[in-house]
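Going by the numbering used here, the sequence shown wraps up at 120, each residue one higher than the last.
Think of the hints as simulated: they come from the structure by calculation, not from any bench.
Be aware that a few hints might be false.
[Claimed, not checked] Beta-carbon label-pair distances, calculated as ranges: (1) Glu9 with Glu62: 28 to 34 Å; (2) Ala110 with Thr26: 26 to 32 Å; (3) Arg25 with Arg99: 30 to 36 Å; (4) Gly79 with Leu119: 16 to 22 Å; (5) Leu19 with Ala97: 29 to 35 Å; (6) Val23 with Ser53: 18 to 24 Å; (7) Ala110 with Ser33: 28 to 34 Å; (8) Arg99 with Gly57: 23 to 29 Å; (9) Gln37 with Gly57: 16 to 22 Å.
Please read these numbers as outputs of a predicted model, since none were measured by experiment.
C-beta atoms are modelled at their ideal positions from N, C-alpha and C, and glycine is treated no differently.
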Amino acid sequence: MTTPFPAGERLDVVCLCALWCGVCRTYQPLFESLQTQFEGAARFAWIDIEDDSELLGEIEVENFPTLLLLQGDVPLFFGPLTPQAGMLTQLVQTGLAGRLDPLAEKTVRALASRVQGHLG
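The task is simple: from the sequences and hints, build the whole structure.
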């Protein structure tokens, strides 16, 4: 059994999207607007999978938007999310409360490490 990541540590909320995706273009302003709601507790980043394809490694992003939540380089969530403010808000709140278990899949952990390096 894994132990949840400690609550209170900064959360990185990364959206993996593509400029050509209409859903992504519609979702981006909503995604960015939530940054102020979680200022100081979460950092939001938008990564275009076409421009930064080297970050994906073996991972194929087929559904948009795909979200990656990290604390440090530890992935807590990876997958598509319904593009609604309420869904994202709930996911971020759950992560900040320490109620997401770290993901164990090697390819997702490698992605998390590459993304964290990219974000700096």
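Looking back at the hints listed earlier, which ones does the structure fail to meet? Of the numbered hints, just 9 does not hold.
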